[in-house]
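> Listed here are the chains, written in short residue letters.
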Amino acid sequence: MNERLLGLADDELVIGWRDSEWTGIAPLLEEDVAFSSIAQNEIGHARAVYQLLSDDPDALAFDRTPEEYRCAPLVELRLLDWAHTIARRWLYEVADEIRVAALMDDGDPAVAGLAAKINREEAYHRMHAELWRERLAGAPQFEAAVEKLWPYALGVLPAEQRGALAARVARSEVDPVERGTHTAELAELWDEMTMVRRSAPSGAQW
Amino acid sequence: MVTAEQVWDALEEIPDPEIPVISLVELGVIRSVDVRGGHVCVELTPTFLGCPALEAMKRALEQTVSALGGEPEVRVIQDDSWSTDRITPAGREKLRAAGFAPPAPREASAPTLVQLRSKAHRCPYCGSTETRLENIFGPTPCRSLRYCESCRQPFEQFKTI
Numbered sequence: 001m002n003e004r005l006l007g008l009a010d011d012e013l014v015i016g017w018r019d020s021e022w023t024g025i026a027p028l029l030e031e032d033v034a035f036s037s038i039a040q041n042e043i044g045h046a047r048a049v050y051q052l053l054s055d056d057p058d059a060l061a062f063d064r065t066p067e068e069y070r071c072a073p074l075v076e077l078r079l080l081d082w083a084h085t086i087a088r089r090w091l092y093e094v095a096d097e098i099r100v101a102a103l104m105d106d107g108d109p110a111v112a113g114l115a116a117k118i119n120r121e122e123a124y125h126r127m128h129a130e131l132w133r134e135r136l137a138g139a140p141q142f143e144a145a146v147e148k149l150w151p152y153a154l155g156v157l158p159a160e161q162r163g164a165l166a167a168r169v170a171r172s173e174v175d176p177v178e179r180g181t182h183t184a185e186l187a188e189l190w191d192e193m194t195m196v197r198r199s200a201p202s203g204a205q206w
Numbered sequence: 001m002v003t004a005e006q007v008w009d010a011l012e013e014i015p016d017p018e019i020p021v022i023s024l025v026e027l028g029v030i031r032s033v034d035v036r037g038g039h040v041c042v043e044l045t046p047t048f049l050g051c052p053a054l055e056a057m058k059r060a061l062e063q064t065v066s067a068l069g070g071e072p073e074v075r076v077i078q079d080d081s082w083s084t085d086r087i088t089p090a091g092r093e094k095l096r097a098a099g100f101a102p103p104a105p106r107e108a109s110a111p112t113l114v115q116l117r118s119k120a121h122r123c124p125y126c127g128s129t130e131t132r133l134e135n136i137f138g139p140t141p142c143r144s145l146r147y148c149e150s151c152r153q154p155f156e157q158f159k160t161i
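From first to last, the protein sequence lines stand for chains A and B. Residue numbers for the first sequence follow my numbering, beginning at 1 and rising by one. Residue numbers for the second sequence follow my numbering, beginning at 1 and rising by one.
There's no promise every hint is true.
[Unchecked claim] A few chain B residues that face chain A, going by a derived Cβ cut-off under 7 Å, partial list only:
{"no.": "1", "residue": "Gly50"}
{"no.": "2", "residue": "Pro111"}
{"no.": "3", "residue": "Asn135"}
{"no.": "4", "residue": "Pro141"}
{"no.": "5", "residue": "Ile161"}
Bear in mind the hints are in silico, worked out from the structure with no lab data behind them. Positions of the beta carbon are idealized from the N, C-alpha and C atoms, including for glycine.
Based on the sequences and whatever the hints tell you, model everything.
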């Protein structure tokens, strides 16, 4: 199993889940719509990568224990305020752009082709995050949120890509919160995310 | 025995599940049709990977091929080969007539905020380019919301992919 691709898929699944938590309760109706679409896209990317990795993408997505997920702690955090939510979206999208760009040059055409497709879609997530960063820049809550999440954002990327991230967001590298460790919030999220799958192992019909 | 031409003709009749004014063929998501004996392989390229209509499209393709007496196989191609540039001229006109501004042409690099904020986007109702971006996201992932300053109508803009 390609650990880097699995990490990417798990990140997209879990951040998609977190994004979807704003559906219905976002501070603006436009954001309700935006977060719902972004969540749909992220989970779609997860599905596409799981399909590359396995003939049974649902099993890969939902049948592992929380400890077996390879997602970065950044995406696991349960963030209940808008400043932190936007800070994460912005940092995550910048990091994601760097790793997806690297995958576009992958020697496996299936990986490179999928990465190119993902990059086209993520462009709209990046623009959404950038618009919000422009609006919130300088606001104390937002700056504090970026400061707090920065070590987590570094942990999204492998060591060799972290310098590019630091340069893009104009911050210096600090000790990252590494992938492979999990926050307590993941187990809670997992419990909810896999509920349908566990209650109907043979597949639910809608 | 079913022919590729018959299959293409039949696929012309399948509407997009979310924007039924346009067919799947006009949307450009059918990449190829390959007929070998009774076996019909259709390659489908998703618009957006997370598009919830993907399964509905797949089922509609299978049903259409089966109705022609073929044995269907639908392959979903997950690469960058679909672009909004593949929407046919007839498809673009149908979108516009239904109030969806057709997508701007794709450029070599992914779109940027500067492009989205530019005055290049034309109102599907009055043709004015005095339009502004209201929200990057709309009712489905493939659409944005814009507002026309000339005829004062909000409208949906197909995103460039």
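> Hint by hint, say whether it matches the structure.
Status of each hint after checking the structure:
Taking 7 Å as the C-beta cut-off, the interface hint given for Gly50/B holds, the closest approach to chain A being about 2 Å. The closest approach between the C-beta of Pro111/B and any C-beta of chain A is roughly 5 Å, which is under the 7 Å cut-off, so the hint is satisfied. Restraint check, Asn135/B versus chain A: the minimum CB separation of about 4 Å is within 7 Å; hint holds. Interface restraint check: Pro141/B against chain A, minimum CB-CB distance 4 Å, threshold 7 Å, status holds.
Interface restraint check for Ile161/B: the shortest CB-CB distance to chain A comes to about 5 Å, inside 7 Å, so the restraint holds.
The structure meets every hint from the earlier list without exception.
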